[in-house]
Structures are given as structure tokens and as C-alpha cells.
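Chemist: Start from the sequences, fold in the hints, and give me the full structure.
Protein chains in written order, with my numbering: chain A, 1 to 638; chain B, 1001 to 1218; chain C, 2001 to 2248.
To be clear, the hints were calculated from the coordinates, so they are not data collected in a lab.
Using N, Cα and C, we set each Cβ at its ideal position, and we do this for glycine too.
Warning: the hint list may mix true and false statements.
Claimed, not checked - Capping the alpha-carbon separation at 25 Å, the derived lysine to any residue pairs in SDA-like fashion look like this:
# : chain 1 : residue 1 : chain 2 : residue 2
1 : B       : Lys-1090  : C       : Thr-2092
2 : A       : Lys-508   : A       : Leu-235
3 : C       : Lys-2170  : B       : Gly-1195
4 : B       : Lys-1192  : B       : Val-1071
5 : B       : Lys-1080  : C       : Ser-2118
6 : B       : Lys-1086  : C       : Leu-2078
7 : A       : Lys-504   : C       : Glu-2025
8 : A       : Lys-556   : A       : Tyr-501
9 : A       : Lys-87    : C       : Pro-2138
Stated by the list, open to error - Simulated DEER-style distance windows between Cβ atoms:
#  : chain 1 : residue 1 : chain 2 : residue 2 : range
10 : A       : Gly-615   : C       : Gly-2048  : 29 to 35 Å
11 : B       : Met-1001  : C       : Arg-2043  : 49 to 55 Å
12 : A       : Lys-87    : C       : Leu-2143  : 17 to 23 Å
13 : A       : Val-213   : C       : Lys-2192  : 42 to 48 Å
14 : A       : Lys-488   : C       : Gly-2048  : 16 to 22 Å
15 : B       : Gly-1137  : C       : Arg-2247  : 51 to 57 Å
Listed below, chain by chain, are the residues.
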Amino acid sequence: MNLDAKIPEGSLEQKWENFKKTAKLVNPANRKKLEVIVVGTGLAGSSIAASLAEMGYQVKAFCFQDSPRRAHSVAAQGGVNAAKNYKNDGDSVYRMFVDTLKGGDFRAREANVYRMAECSLNLIDQAVAQGVPFGREYGGYLNNRSFGGVQVSRTFYARGQTGQQLLLGAYQALMRQVGKGAVKLYSRHEMLDLVLIDGKARGIIVRNLDTGVLERHAGHAVILATGGYGKIYYLSTLAMGCNGSAIWRAHKKGALMASPSWIQIHPTSLPQSGDYQSKLTLMSESLRNDGRIWVPLKTDETRNPNDIPENERDYYLERRYPAFGNLAPRDISSRAAKERIDAGFGIGPLKNAVYLDFAKAIKEQGRSKIEEKYGNLFDMYRKITGFDAYEEPMMISPSAHFSMGGLWVDYELMTTVPGLFALGEANFADHGANRLGANSLLQASVDGYFIAPYTVANYLSGDIHTGKIDDQHPEFDKAQAAVEANLKKLLAIGGNKTVDYYHKTLGKILYDYCGLARNEAGLKGAIVEIRKLREDFYKNVKIPGDSIAMNSELEKAGRVSDYLEIGELMCFDALSRNESCGAHFREEYQTAEGEAMRNDAEFQFISAWEWAGAGADPVLHKEELTFEVLKPIVRSYK
Amino acid sequence: MLTTLSRKMLLCLTGLFLGFFLIIHLLGNLQLFLPVEEARLQFNWYSHFLSGNALIKMVSYVLYLSIIVHVIDALIITSKNRKAAKPYQKDHRGRASKWYSRNMGVLGTLILIFLVIHFQNFWYVYKFGTLPVDSNGNKDLYQLVVTTFQEWWYVVIYVLSMVALCYHLIHGVHSALRTLGVFHPKYVRWIKVVGAVYAIMVCAGFAMMPIYIFITTG
Amino acid sequence: MKLNLKVWRQKDRESQGKLVDYVLEDLNPHMSFLEMLDTLNERLILAGDEPVEFDHDCREGICGQCGMMINGIAHGPLQNTTTCQLHLRSFTNNETIFIEPFRSQAFPIKRDLRVDRSAFDRIISSGGFVSTNTGQAPDAHALPISHQVTEAAFDSAACIGCGACVATCKNSSAALFTSAKINHLVLLPQGKEERQERVIRMVEQMDAEEFGHCSNTEACEVECPQGISVLNIARMNYEYNRALTRRK
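Modeler: Quick look at the structure:
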């Protein structure tokens, strides 16, 4: 398969301009004849649905939550990056491009990364116009904080609820179009299959989660903005409902999956405290602006953290990475934490955490300043753990967080299936092997507000004579029948283990063998284990109730059945990449000091996997990466 | 069709007018605290003046209307609220608010019953009954007041009703200003205090009257 | 620890529901309340019963999807906390806990503890936005907004739309929810242009959804996970009155 990224001509700065100049347009009178399906209503989904409806297209928006406002973008805390250089600290689009590409360990496309940095400028304007209350200075101008992996302050924030505020901005824009009748909203609807007619994405099969009834929806293009699949690890910072089903089912219909094993393990989440636990709550990375990370120097430390004197503490990030210190990028911070924990220096009852200490910041800046910056995070910490972080250091540990991998898309965000687009975290595009903090809100928004409106229109311009897509087409019958059969099959198993059991077991396998550190033997073993687990799932899972009613176990079972396949692909992906880059750390490929060893000669490509049928090994395709502007260098944060 | 906010506005405006009337009513009735003979002449003259004045008459019609509108509006609001809310098997919601703010309807009903008694006691007798006259030739309402409040149970009814009125006013004034849209945090704090002081002073003032008369003339 | 649960079970919108007793033992006090329900469900599934349906998603207190009446209190005994942020350490051993859905005419019960809160979406779609299209925005610094105003707008914008205000209101009023959005937008210069139409349309939609009247009992502020101030309601009243007097 020839993976053509369709990068426009011109210098890096001109590529996006050139695309926009030459992209095909659709005349306003024709737009209302074209229907677009948007799955997912997070930042990317809401923004593209609203933007397309504003332009005059007929839009249908779907989400599995009970309201679009609940999509998991809402939970992003720290902020959103933009190269506005309002702080006069030398920031520019180019510098942001460099930081992002370097942060991603040179495993992303130059053109995509540059475009994201370029569009970041407009996003802040857009959000402010919508009424997003970003933090401001007393003079009335926008304030910034700094985030991991960069040396400038370019992160805009709305206290610790930036994702919520950005999402509400997009949600309100969406609801405005719903009110006008330009968008039809389907909450509590889950996409279960993609429908292809003549090789083009022409519709979806969804299940109404409140009634269990299957529905068909036809359109001229299908946009998946369904977020990440980090919940595959079970314990993660993601919402319980986050899933990879939409992209996975699209994958099975022909869309390639790129770099599925690149999952970011976030360094600052709350540690696991018991088997019953259902999620690990994230504490914003912004805390690392003022918090200092350390572990005791002794392995069997029993003293209260405040009683441990300075000279018996190991501020390991400051020690190992003096230039960036506590603001080292996420992959590096997480791995450094794991290194200390594995060496026996972990703290807490399960010895699985490290300290994040604010004593110095509180002493230097005063409690009220810290309260203003992080008050809600400290409150959240108290609610969950029962401890007061103003008085003693927080306990944090790494947790699965963000999937850099996702559906392979070209420069126009279109997958290998014509008419099927993937936006936001659902695609693989801009972060390379590691995402920098505050870039996910950015990517999701930029994809939805500024990129897809052009590229989707460019695609739709070829459909103005197609006419309405018929949802009675035999392909819809076929897809619906397959979905029905699958639901029946799951319900008929009637075993003796719950869906959660399989999810937890899979999560454990992935954390152990395809998490922060991977190795060949482990990955090979994991593939065998996952296959066994999947077999067991189809024999012994127990799903009560039936399909024509609300049935949350059935929903979960569908998602976990996909996870059992995605997990296997992740292991294949990790196994095939004999190098360490970003979040992908292969133990065989590290320096004497334990730093990642990238192999540009052999692995300067994006792995795009093709579904080869149930039980068969996936097929690897490569998209070679070329770096014309920024030559790959060894990433150093020392 | 009024919106929920407009219905509340109607309740608020009529309530505030009635609340304002209470101040006038209280000020006038303070004459009862004068020495007995002075009080009798003064109070009876005042009653005569009020019943004869055209302007006052007009105001009194507005007053009656306000009472009626306030009651009917409250009934409509309550019935709509009943329809909007659904009962819980176990209900502990009360922990988050004051009992009197949740029971304005009950307090209002008590006040309405009191009003009937109050009108029957004085207004009806003054208007339609036969009263002796005082040395100035005015109807001797004062004597009627004294006679009424020599009954201990009337005193109890009046005092208890004033307690109900007090709570109704504490929440009512505060709530009315919310409905009017006073949203400045600083002023809201003050208004809450002023409202409570007003409610307590007015109701204490009224409650003192039967007690004072019961003690001094009994 | 041991807990005696009385959980509302209701098959669908039309069916009659009832409280069903469950006893859970060997619970860990550090478990979250929803994890306790997970445990209950796991037990029910393995016993061949249907699990309790309840709304939840992010489990970190921000998506606003979870919400139930716990012992007659919206989101349970802790103030300003969502159900998902509640832990069993807030209860005593052997305590009896009533678990009911949020109840309101405007929030029909879908099944068990799940309710339909789409009325909130319709209130937002009636006017809870700034009418700006993608691409129309001027530079973000073209319009300075004071720190104080931004912070005040944020305080209102922080609403997570969980519906606890409605559930805890004796009148099922949605005044806090509606006013929080009205305030967020009217405080900011961008939102001032359409302040009159917005407040009138949102209030009318709120009424059309059959929410009750606000009695200013202020219970909503106490139970609101984000501590949204009741002064938002006062400001909504002001805006509404202002709009009525200026409407042509």
C-alpha cells in the first residue's frame, strides 16, 4: 500500500497557506445538500460539527455520553499551548514547532507539526471570542504558565479546568447550531460500525444506549473524533467510557492504525491504592511548575515526609536533568519515576509512588498564591486521598493517559478509507512518539476548528452530484446484520466472569509488558497471553440482560472485545520497533545511563498497520519520515 | 403566560408593598403605648382620620388587592413547584437551607389565618359593628383593642402570629431583593442584615402591643 | 466495612420503581462510592441478576455525569463534592444508605439511577453561547478584560451541569444552572452584545422544560460540586428585568 501523506508543496511556512489557496470549495447552495456524520463531541468533534454547520453543511453529531459537554476533553486540566509570545520570552511558531517535534522524538511529520503551531495563534483568539475565561493578569491581558519540555511560557489556562472551559466553548458553539437545526444531536448513541459503499465511508451503524435499538445514519463523509484508547490499561486517567471501538471498527473496515503502542504514561497521577480501583486521577502537570519531585534516599524509609531532612531526599529529576528539572517531558519524568520505584525507593503503602512537594513554593510565594494557581487541584487531592497537600507533599505515580497512536491520516486528516476522517486524539498525527503537555487540547481544537473545515470541504467538493446517501443500501443491511450478530454472540456466551475481569487482566498485561518499558521477550509473551485471554473472553464472559434495552455491561463488553484486539496490535507495534523513542522505551535499546536510544537509520518511519482478519498477524506498512528543516538530534533535557 | 421569573416578581412587588405597609401600620399603632387616656383620644382620632381620607382609601384598596394577588400568585407558584418536584423516599435535603425559607407557604397560610382573625377583631367591628364614642366623638377603637387583648389567648395568637410573620419577612425581604436582582456581594450582605433587623423590629413592635396592653390594663 | 444499601430499581421510564435492599461486606473505606457500586454490580452479574444502572464517566468530578441522591442528599454527605469524589470513609460501618436517582419532572428516570438531563442541553442551545462563528475572532489581546472580571466569569463558568441544584431544590428549579451560564457570558464583553435575547430565551426554555420557581432557599449553592454562587440567580433576575424593560 502506498501511504501518501499528501503534503503540499512549498517551504514549511507556506505549505498550509498553499493548501488553503488551492483546496477545492463547495458553493453555499450545494453545502446544504451534503451530510456529514461526526462521531464524538469532545473538543475536536464539537468544533468540527459546529464549524461545518456554520458553513451550511447538514451535520449529525453522535456521542455515547448523556450530553456532549461530558466528553473527556472536559477533564484536561493544565492548559493549551499557543505561540503567541505574549510573554516576550522568545517564543515563535518556529520554536513551538521545534519543541513539539523534538518532544515527539522526531517521529511526526514536520508539515503537520508546523501547521499545528501555526494554527495555535488563531485558537486562542477563537476561544476568547467564545467567552473562554482564560487566566489574565491585572492589566487585563492573558497570562501564561510553562509546561514540561519547553523553556518558554506559552500555556494558556483557565485555572485547573482549561479543558472544561475550552470544551464548553465548543459545546456551546455546537448547541447553538443544534438550536438552529443545523446539527442533529444524538446523545447516548454509540457507533458500532462504519458503512462503506463503493470503498467510501458513507455512514455508520449506531446503538441507542438508552433503548438498545440499532440505527443507520448515512452521510457523504464520516468524521471520527472519538478520542484516545488509553483506557485499554483499565487503570488510567481516562473516563470510564473512553474507548477505541469506533476507530477499531473503522480499522477493521480498512483504515490503517498508526503507531498504536505509543501511549503516554503521565507522570503525575494519583497512585493505585487497591484492587477495587477503577481509575487513577490525574493531577495536572502544571503542578510541576512549582512542585518538586523527590523520593527518600533510603529504600526502607518509614518517616513522615516532612521529617525527612533535605540531605536525605533525592530530587531525581533535578539531579538527572538539571536544565529542565521538574519540567522534564512526560515520558522522561514517568520513566525516571518508574526507575526509582522499581529500585525500591517508592513511597506510600504500596511503595508505588513518589513525592510532589510544594513546601518550597509555599514558603517562597505564599500559600495564597499557590491556592490561586492550583486551589482546585489541592481540593481534589484532599477529596480523593483525605490528605492536605498544603501541609505535606502529594503522592503521585505514573498512569496511562494519552494515545499518540491512532488512525493513520494524511495531511488532510483523512484515513486510508476515502471520506473517513479522524480528528484529535483519534488520529496519530502531530505528537510523534511523545506528546508535550497542553498540546492535546491544542491539537483537538486546531483539527476541528481550523484544519478539517478546509480539508473536509475539499473532499466533499467531489460529492456535490452524488445526491442523498441511501441508508437502505445493501451495505447498510450487511453492516447492521453483522452488528446484530456480534451483540447476540456476546450475550449468548453466558460464562462466569465479568467484563471488568477481562479488562483488568488485559490492563495488567499491558502495564507489565507494553507500558513504560518494553522488551522483546515480554512483548512476545504478552501477545500469547492476550490471545489466550481473548479466547477465554469469548468462552467465559458473562453479560446479563439483552440487547434491546439499556445494558451497560453489553456496552462494556463490546469495548473490551475491541481492546483485546487493540492490545495485541499494540504489542506487535512495540515489538516491531527496535529502538527507543518517546513513550516507546525498549529496554534493549538504551544508553549506559539508561536514556533512550533512537535508531534513525532504520526506524525513521511511521508504522501503519493493516487489519489482516481475525487471528491473523497484522500487516505493517511504513510511511517514511523526512526532515527537511530540522535535522533529528538526540533529545537531551540535561 | 408569565415566566417563573415574572411570577416571582409579582410576588416580590406585592410582598414588598405589604412589608412597607407594615412599617406605617406599626408607626401608627405606636400610639397605643401612650398613657391610657392620651392613647385613647389620639388612637381613635387616628383611626377616624384613616377611614375618612380618600387617598388612604385608595391605598387601602391597593393593599387588599396586594394581599389577594400575593396569595393567589403564591398558590399558583406552589402548585407549579409541586408539579415540578418529585418526592424522595428518604429526604435529607433540608440540611442545606433554613426551614423558614422552605416553608414560606405554611408561614404565609398562618399569617393569612391571622389576618382573618385580625380583620374580624378590629376592621370588621369598626366598619360594620357598633362602637361607643370617645370624648372627641370618634369611635372608641382603643377600647376595643384593650378589651380584645385582655383575653390571654388573643395575646398568644397575636404573638405567635408575629413570630410567623417575622420568619416570613426575614426570608421574604431577602428573597424579594434577590428577585429584584440585587447581586452585588457587598450590598447583598448588608441587605440581608437590614432585612432581618427590619423583620425583627416590626414583628417585635407588633407583638409588644398585646403584651403591653395585657399587662398594663389587665 | 459493611454497608446496607437501599437502591432504587426501576426498569424504564414508565415502570414503577422501588427500593431494593443489598448488603455489602468487606468493603475498603478508601473505595470511592462508585467503586462500591461497581462491587455491587459485579456481585449481581455473577449471581445472574441485572446490575444497577448509574450515570458516571470521568470519575474525577468534572464531567458532571454522575449524580445520585445518597441518604436524601444530592451527591451525598460531603458538600461541594460529586458522587464520584465521595469515598466510603465518609460513612460509618454498618450504615444504611438510601440511593435514589435525582428526581424532577424535568429529569425523567431512564432506568435505575440514570436520569435524562437533556433539558439542560436545550437550555444551553436556546441561548447559552456567544454567537460567533469559527474564524471570526479578532486577536485575543484586542480586548483586555480585567483579572477580576475574568475570575468572576470563571466562577460561573465552572458549572459542570450535573443537576444537583435541581435535585436538591424543593421546587426543582434550574435557576442556578441557567443563571450560571447567563452570568458567565454577560460578565465578559464578548457576551454583552446579545445579553437581552439570551436571558429571555434561556429563561423561557427553562420554563418550557417544567422546572420550578426559585425560592432563594440557597440549598443549591451548598450542594453544588463547584460551589456556584446563588448570586448568579440574583444577577439573572437583574438581567431578565433589564431585558424586559428594554425590549422593543
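Chemist: So, for every hint listed, does it hold in this structure?
Modeler: Do the hints match the structure? See the list:
Between B:Lys-1090 and C:Thr-2092 the alpha-carbon distance is near 18 Å, which keeps this suggested pair within the 25 Å criterion. Restraint check: the Cα-Cα separation between A:Lys-508 and A:Leu-235 comes to about 9 Å, which is no more than 25 Å; the hinted pair holds. The hinted pair formed by C:Lys-2170 and B:Gly-1195 meets the criterion: a straight-line CA distance of about 23 Å does not exceed 25 Å. At roughly 24 Å between alpha-carbon atoms, B:Lys-1192 and B:Val-1071 fall within 25 Å of each other, so this suggested pair holds.
With a CA separation close to 21 Å, the supplied pair B:Lys-1080 and C:Ser-2118 stays within the 25 Å bound. Distance check on the hinted pair: B:Lys-1086 and C:Leu-2078 sit about 23 Å apart at the alpha-carbon level, within 25 Å; holds. For the hint linking A:Lys-504 to C:Glu-2025, the alpha-carbon distance of about 22 Å falls within 25 Å, and the restraint holds. A hinted pair counts as satisfied when its Cα atoms are at most 25 Å apart, and A:Lys-556 with A:Tyr-501 qualifies at roughly 11 Å.
With a CA separation close to 19 Å, the supplied pair A:Lys-87 and C:Pro-2138 stays within the 25 Å bound. Judged by the Cβ atoms, the range 29 to 35 Å given for A:Gly-615 and C:Gly-2048 holds: they are separated by roughly 31 Å. Between B:Met-1001 and C:Arg-2043, the C-beta spacing of about 51 Å keeps the proposed range 49 to 55 Å intact. Checked against the hint of 17 to 23 Å, the C-beta distance between A:Lys-87 and C:Leu-2143 comes to roughly 19 Å, which is consistent with it.
The hinted range of 42 to 48 Å is satisfied by A:Val-213 and C:Lys-2192, whose Cβ atoms lie roughly 44 Å apart. As the Cβ distance of A:Lys-488 to C:Gly-2048 is approximately 19 Å, the hint placing it in 16 to 22 Å holds. Here the CB-CB span from B:Gly-1137 to C:Arg-2247 is close to 56 Å, well matched to the stated 51 to 57 Å.
Violated hints are absent here; each numbered hint is respected by the structure.
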